[in-house]
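Asker: Next come the chains, spelled out residue by residue.
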Amino acid sequence: MLGRTANGLYWMFRYIERAENSARLIDAGLRMSLTRSQATEDDWDGVLQSSGVRDIYDDLYEKLSAADAIDFLLRDKSNPSSVMSCIDSGRNNARMVRTALTRETWEATNECWLDLKNVLARRIKAADLPEVIDGIKRKTGLIRGAFHGTMLRNEIFNFSRIGTFIERADNTARILDVKYYVLLPAVSQVGSSIDNVQWESILRSVSAHRSYGWVYEAEYKPSHIADFLILNGRMPRSLAYCYEKIVSNLGYLAREYGERHAAHATAEETLTSLRNHSIKDVMDQGLHEYIENFISHNNRLGQEISDGYRFY
Amino acid sequence: MMNADNSPRQPYTTYNDWYASQDKARLIAKSKEAENIFRKTGITFAVYGHADSSEKLIPFDLIPRIISGREWRKLAQGIEQRVIALNAFLDDIYHKQEIIKAGRIPRELIERNEAFLPQMIGFRPPGGVYTHIVGTDIVRTGEDQFYVLEDNARTPSGVSYMLENRETMMQMFPELFHQNRVRPVENYPYLLRHSLASLAPPGCEGKPRVAVLTPGIYNSAYYEHAFLADMMGVELVEGSDLRVIDGRVKMRTTRGYEAIDVLYRRVDDDYLDPLTFKPESALGIPGIMDVYRAGNITIANAPGTGICDDKAIYSYMPEIVEFYTGRKALLENVPTWRCSEPDSLKYVLENLSDLVVKEVHGSGGYGMLVGPTASKKEHAVFAEKLKARPANYIAQPTLSLSTVPILVNKGIAPRHVDLRPYVLVSDKVQIIPGGLTRVALKAGSLVVNSSQGGGTKDTWVLED
Numbered sequence: 001m002l003g004r005t006a007n008g009l010y011w012m013f014r015y016i017e018r019a020e021n022s023a024r025l026i027d028a029g030l031r032m033s034l035t036r037s038q039a040t041e042d043d044w045d046g047v048l049q050s051s052g053v054r055d056i057y058d059d060l061y062e063k064l065s066a067a068d069a070i071d072f073l074l075r076d077k078s079n080p081s082s083v084m085s086c087i088d089s090g091r092n093n094a095r096m097v098r099t100a101l102t103r104e105t106w107e108a109t110n111e112c113w114l115d116l117k118n119v120l121a122r123r124i125k126a127a128d129l130p131e132v133i134d135g136i137k138r139k140t141g142l143i144r145g146a147f148h149g150t151m152l153r154n155e156i157f158n159f160s161r162i163g164t165f166i167e168r169a170d171n172t173a174r175i176l177d178v179k180y181y182v183l184l185p186a187v188s189q190v191g192s193s194i195d196n197v198q199w200e201s202i203l204r205s206v207s208a209h210r211s212y213g214w215v216y217e218a219e220y221k222p223s224h225i226a227d228f229l230i231l232n233g234r235m236p237r238s239l240a241y242c243y244e245k246i247v248s249n250l251g252y253l254a255r256e257y258g259e260r261h262a263a264h265a266t267a268e269e270t271l272t273s274l275r276n277h278s279i280k281d282v283m284d285q286g287l288h289e290y291i292e293n294f295i296s297h298n299n300r301l302g303q304e305i306s307d308g309y310r311f312y
Numbered sequence: 001m002m003n004a005d006n007s008p009r010q011p012y013t014t015y016n017d018w019y020a021s022q023d024k025a026r027l028i029a030k031s032k033e034a035e036n037i038f039r040k041t042g043i044t045f046a047v048y049g050h051a052d053s054s055e056k057l058i059p060f061d062l063i064p065r066i067i068s069g070r071e072w073r074k075l076a077q078g079i080e081q082r083v084i085a086l087n088a089f090l091d092d093i094y095h096k097q098e099i100i101k102a103g104r105i106p107r108e109l110i111e112r113n114e115a116f117l118p119q120m121i122g123f124r125p126p127g128g129v130y131t132h133i134v135g136t137d138i139v140r141t142g143e144d145q146f147y148v149l150e151d152n153a154r155t156p157s158g159v160s161y162m163l164e165n166r167e168t169m170m171q172m173f174p175e176l177f178h179q180n181r182v183r184p185v186e187n188y189p190y191l192l193r194h195s196l197a198s199l200a201p202p203g204c205e206g207k208p209r210v211a212v213l214t215p216g217i218y219n220s221a222y223y224e225h226a227f228l229a230d231m232m233g234v235e236l237v238e239g240s241d242l243r244v245i246d247g248r249v250k251m252r253t254t255r256g257y258e259a260i261d262v263l264y265r266r267v268d269d270d271y272l273d274p275l276t277f278k279p280e281s282a283l284g285i286p287g288i289m290d291v292y293r294a295g296n297i298t299i300a301n302a303p304g305t306g307i308c309d310d311k312a313i314y315s316y317m318p319e320i321v322e323f324y325t326g327r328k329a330l331l332e333n334v335p336t337w338r339c340s341e342p343d344s345l346k347y348v349l350e351n352l353s354d355l356v357v358k359e360v361h362g363s364g365g366y367g368m369l370v371g372p373t374a375s376k377k378e379h380a381v382f383a384e385k386l387k388a389r390p391a392n393y394i395a396q397p398t399l400s401l402s403t404v405p406i407l408v409n410k411g412i413a414p415r416h417v418d419l420r421p422y423v424l425v426s427d428k429v430q431i432i433p434g435g436l437t438r439v440a441l442k443a444g445s446l447v448v449n450s451s452q453g454g455g456t457k458d459t460w461v462l463e464d
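Chains as they are written, first to last, in this note's numbering: chain A, 1 to 312; chain B, 1 to 464.
Be a bit skeptical, because a hint or two may be false.
With a straight-line Cα cutoff of 27 Å, these simulated BS3-like cross-link-like pairs (lysine-lysine) come out [said to hold, decoys possible]:
| # | chain 1 | residue 1 | chain 2 | residue 2 |
| --- | --- | --- | --- | --- |
| 1 | B | Lys377 | B | Lys346 |
| 2 | A | Lys117 | B | Lys56 |
| 3 | B | Lys387 | B | Lys56 |
| 4 | B | Lys30 | A | Lys117 |
| 5 | B | Lys56 | A | Lys77 |
| 6 | A | Lys77 | A | Lys125 |
| 7 | B | Lys410 | B | Lys346 |
| 8 | A | Lys280 | A | Lys245 |
| 9 | B | Lys328 | B | Lys428 |
| 10 | B | Lys96 | B | Lys428 |
| 11 | A | Lys137 | B | Lys40 |
| 12 | B | Lys32 | B | Lys442 |
| 13 | A | Lys117 | B | Lys428 |
| 14 | B | Lys40 | A | Lys117 |
| 15 | B | Lys387 | B | Lys442 |
| 16 | B | Lys377 | B | Lys328 |
| 17 | B | Lys387 | B | Lys74 |
| 18 | A | Lys77 | B | Lys40 |
| 19 | B | Lys24 | B | Lys346 |
| 20 | B | Lys96 | B | Lys328 |
| 21 | A | Lys179 | A | Lys117 |
Derived by calculation from the structure, the hints in this document are not laboratory data.
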C-alpha cells in the first residue's frame, strides 16, 4: 500500500471520529446549560478547551457566548475541529484513498458530507440543535457501519482503526485534562449538585452516562468516573480500550509486514501501564500529570506510526 | 433517430416500441434517480474558477444513442486507419521527419509548436507506441456520413462516463438489454490494463507493475483517475509518491519503495518532470524523463503526443493519413481554413457569420467564436483578435449535425451530439464499441462541452 494511502486512511478516520466527538461535546455543553439554574459561559469555556480550540475562538470573537461557541464548534471553517471542517477533511481524505474503500464506505462518507454541507449551510437555531446533533451522530454512525460491514480485515482496515483510536484516546484524555479538578477527591464534595452536573457532563461528552450507571450502580464518585474513562477495558472510549485496539491493529501490521517499528514498543508500553495500574495509583501519581503525560505519549505514537509506515 | 418519413431509423426500432409503452412520468422520475446515483457515487467533475461549486454533475440523459453495427464497422475502420497514421506521424516527426522533407507539412508548424518536445527526438518508446489511448471526436451529419472533429492523443478523458452511463442504464432498464443486442463496453478497464502491461519496458521482469498518475483530488477529472485505477486494480499515485531511485521510478509504500513499470499518466507533459520541463511543477517526478529515455519505464501516453491535438496539425490530417497509410483517409476532416495563410484569413474575415473559429491550442469549447449565433459586437471583437494573431486560429464551417432525442419534461426533443470513441493501441488497435456521446442540452446549441452545459448519454453499438 502507498504510504500516502495509509496516511489518508488514518486521517480520514481521525477526522470522522473528531467530528463525532465535537458533536458530542456540544451535546454535553447544551445539556449542562439546560440543567443549570443559571446558564454560565464557563461551561462553554470548558467545551472549547476540551476541543482544543479556545485560542482560535478568542482570535475570532470578542466575548464568549453560547450561541457563538455552538456555531464555532459546529460550522466554522476557520475552526479545524468544527464538525463541518472535520467532515470536509475526512471526506477529502476519503476521496484521496477512494480506491482503498468499499463502495458502501465511500458512499456513506460522501452522503454524510452532502447532507451536512446542506444542513450546516446556515446558522442553526437553538430549537433545531438537538435534531442536528442527532443527525451528525447518525450519519457518522452509518460510515462506521458500512466500514465494519464491508471492509476486508487487512492493512487498510488496520490503518483506519489506528486513526480512529488515536483520535478517540486523545479526545477522552482532553476531556479529562480540562475537568481533572472536578475529579480530585480532595476538592470534591460528594453529593453537591454542582459536581453532579459536572460529572454527568463529563460522562455525557463520551456518551457514557447510561453505561456508567450499569457498571457503577449509578453512584457518582470521582474515582469511579476516572476509572471508567481511563482504565476500564470494556468502555469503548476509555484510554485502555483505545490502546487495546491500537496495539492489536499494530500487531496485525507487524505480522503481515514481518517488521516492527518504534511505534509498537511505545503503544505496548502505554497499554501495559494502563493494564497494571489501579485508579488509586493514578490518583496518587497525580491525575493531571498522568493525563498530560498520556497526551504527549499519544502524540508521539502518532508521529512514530507516520514515520514507520512512510506516511510522508 | 427518425427517417425523413418520420419512421424510426432501423437501429432505433426496438427501442422506439419500448419507449412508446413507457409511462412518461416514470421516466422523468427515473431521470432524477439517475442523477442521485451519480451524486451519491461522487461522479463529478470540477469547474475551475468556481469556488463554491467546485464539484458538478454532468447531466445524464437516459435515452441511449444507438448506432447500427454496419455503421459502426465503417466508422471503426476509419478510426483505426487514423490512429495508425497518428502513431506513424509521431514516430516520424521525432525521427527522420520524412513528412517535412516531402514538403507535406511546413517545418515551422512542427518545430515551433509548443507541444513538440525536442526531448523526444531520436527516442522510441517501448513497442514503438506513442498514443496508447486515443479519443477521436466525431460528428455525424447523415447516414454513413461522419466527420472527425478533433483528435485527442494527449490524455483523452471521459471514459469513466462511458462506463458509468452504461452501468446506470443497465441498473435502471435491464429489460432494454434483453430486447436489444448491445455490444459490451464494460471490459474497458481490463483491456486497458492488458494493453498498458503489454507495452512494459523490455527489461521488465515478472508481471509489469502499472500505476495511474493523477495531479490529485482537486483536478477536474480526479474521479475518473480514481475510478480507472480502482477498476484496473492498480495503484493511484501522485507525484509526491514517486521518486527516482537507482535508475527506476519507485513509489513510496508502507513497506518501502517499489518500482513501477508502466505509468498511465493523467498529468500534462509540462508538469511531468520539473528537471526537464516546468521547474516549478510540484505534480511531477524529478528525473523521470531520464529513466524514460534509459528505457526503464513506459509512460502512457508518451510525452510529446499532444502535438496531434493541435488544430493546425488537424487541418493536415488528410495528408498525414495518406502519407503514412498510402490510402485516402476513410474518415473526413471538417474543411478547415488556417488563418496563418493570408488568403484563408481574408476568407474567414469576410465570412465570420457562417464559420466557427477556434484557437489552435484551445480545448473545452473555450476561446471560440460560433459565427451564426454570435452578436455583431462579438464578431468585431473576434476579427481584431484574428488580425492580431492569425496563426493562433483556424476556422471551420458549421456542420448540420445530426440530432438525437433527449428526455425533456414534455417528452422528447432533438439535440445535437458528438461522439468520442476510445481506442487502445498496443501491438494491435482496439476500438471500444460505443464511446462517450456528449449532447448540447440547449435547443439548437452546437456546444457539447461539459464545462459549458453539455450532458452525456449511453451509446449503444448493436450487434447485427
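Asker: Against each hint, give a clear statement of whether it holds in the structure.
Answerer: Right, here's what the structure says about each hint:
1. B:Lys377 - B:Lys346: Judged against 27 Å, a Cα distance of about 19 Å means the pair holds.
2. A:Lys117 - B:Lys56: 15 Å, holds
3. B:Lys387 - B:Lys56: 37 Å, violated
4. B:Lys30 - A:Lys117: 25 Å, holds
5. B:Lys56 - A:Lys77: Since the Cα atoms of Lys56 (chain B) and Lys77 (chain A) sit roughly 21 Å apart, the hinted pair holds (cutoff 27 Å).
6. A:Lys77 - A:Lys125: It holds: about 18 Å lies between the C-alpha atoms, which stays within 27 Å.
7. B:Lys410 - B:Lys346: Measuring from Cα to Cα gives roughly 45 Å; hence the hint is violated.
8. A:Lys280 - A:Lys245: Since the Cα atoms of Lys280 (chain A) and Lys245 (chain A) sit roughly 24 Å apart, the hinted pair holds (cutoff 27 Å).
9. B:Lys328 - B:Lys428: 21 Å, holds
10. B:Lys96 - B:Lys428: 24 Å, holds
11. A:Lys137 - B:Lys40: 19 Å, holds
12. B:Lys32 - B:Lys442: 19 Å, holds
13. A:Lys117 - B:Lys428: It is violated: about 48 Å lies between the C-alpha atoms, which goes past 27 Å.
14. B:Lys40 - A:Lys117: Satisfied, since the Cα-Cα distance of roughly 14 Å is no more than 27 Å.
15. B:Lys387 - B:Lys442: Cα-Cα ~31 Å, so violated.
16. B:Lys377 - B:Lys328: The given pair, whose Cα atoms are some 41 Å apart, is violated under the 27 Å limit.
17. B:Lys387 - B:Lys74: Measuring from Cα to Cα gives roughly 40 Å; hence the hint is violated.
18. A:Lys77 - B:Lys40: OK: Lys77 (chain A) and Lys40 (chain B) at ~23 Å, within 27 Å.
19. B:Lys24 - B:Lys346: 51 Å, violated
20. B:Lys96 - B:Lys328: Holds: Lys96 (chain B) and Lys328 (chain B) sit about 23 Å apart, inside 27 Å.
21. A:Lys179 - A:Lys117: Since the Cα atoms of Lys179 (chain A) and Lys117 (chain A) sit roughly 32 Å apart, the hinted pair is violated (cutoff 27 Å).
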